[in-house]
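Chains as they are written, first to last, in my numbering: chain A, 1 to 206; chain S, 1 to 90.
To be clear, the hints were calculated from the coordinates, so they are not data collected in a lab.
All C-beta atoms, glycine included, are put in the ideal place defined by N, C-alpha and C.
Treat each hint with caution, since some may be false.
Taking beta-carbon pairs under 8 Å as the criterion, some of the chain S residues facing chain A (in silico) [claimed, not checked]:
no., residue
1, LEU34
2, THR56
3, LEU61
Computed beta-carbon distance windows for the label pairs [what the hints assert, rightly or not]:
no., chain 1, residue 1, chain 2, residue 2, range
4, S, GLN52, A, SER144, 49 to 59 Å
5, S, ASP26, A, ALA153, 13 to 23 Å
6, A, VAL156, S, SER76, 30 to 40 Å
As a plain string of letters, each chain reads:
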Amino acid sequence: MNDRDAHFEKSALTCLPDVARFARSLTRSESAADDLVQETFLRAYRGYASFQPGADVRRWLFTICHHAFLRIQEREQRMVLSSDGDDAELETLGAVMGHVAAQRSGLDAYVCSIDVGPAIRDAIEQLAAPYRLAVTLVDVEGMSYDESAQVAAVPVGTIRSRLFRARRLLQEQLFEYARDLGFTGAADTTRTTRESVSITSPRPDQ
Amino acid sequence: MTTMTRAESEPIDCRTAVQRLWDYLDGELDAVRLAEVTAHVERCAACNEHVQFARTFLTALSASRAEVADAPALRSRVVSALQREGFSST
């Protein structure tokens, strides 16, 4: 075994579970994900000479994986154009307003008390590809906005707006999930009034 | 001295604070805006509740990370494909 292969095995192949999970989030299909993982490592191996020692190998593999996925999509002519969130701040505000509405019935506390893992995984899978990519890179894989933008090959502002829209959509799905479980809460009008005012009316702190 | 003190940050309203909510929790705000949001959240119970809920939500997102069911089998498949490219494994 030569040094290059030994180093590739030690650094790149140990990231296989991470790449597999990322590929699964892109393809939403186990068999397609396995094909994508294999293609990713083949490309990585062929191009390993270009890898800068000391660079983040996981991010490098994610970038290769994402590029390979896009090429496959283009080949299959399944590219779907999707509009980005126009305003990240509005998405954040929308999510907070959703929280305000959930506070009225106690739905927010209920959501915090149940296992929402399976519901979140399902909801992420249902997101359109650009949003799924943003939330997977930042929230699931723990990358910064800047790192995620590099992997997705888009500006940082695009990742941010997609991420915020994805989070708002996921939060809405989570509340829907709780309602589907049969949650019926009593209205807490005192709290509702206070929360609504706090968001809709500018109120400088003192 | 390069650190922004609380006294140097400007008071912000609730709307401004919640618009920065996710940037705040993601650690993506600059020092001035971070200080502004931190000061507001410490003093505003309503916004603090939004922060706590959003933090719980993001923690749940992070915890939703599913492990690959059969990573060893997939690794064997990938290594076999690499070996056809000349890769030699230990």
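May I ask which of the numbered hints given earlier this structure violates, with the numbers listed in increasing order? Those not satisfied are hints 1 and 4.
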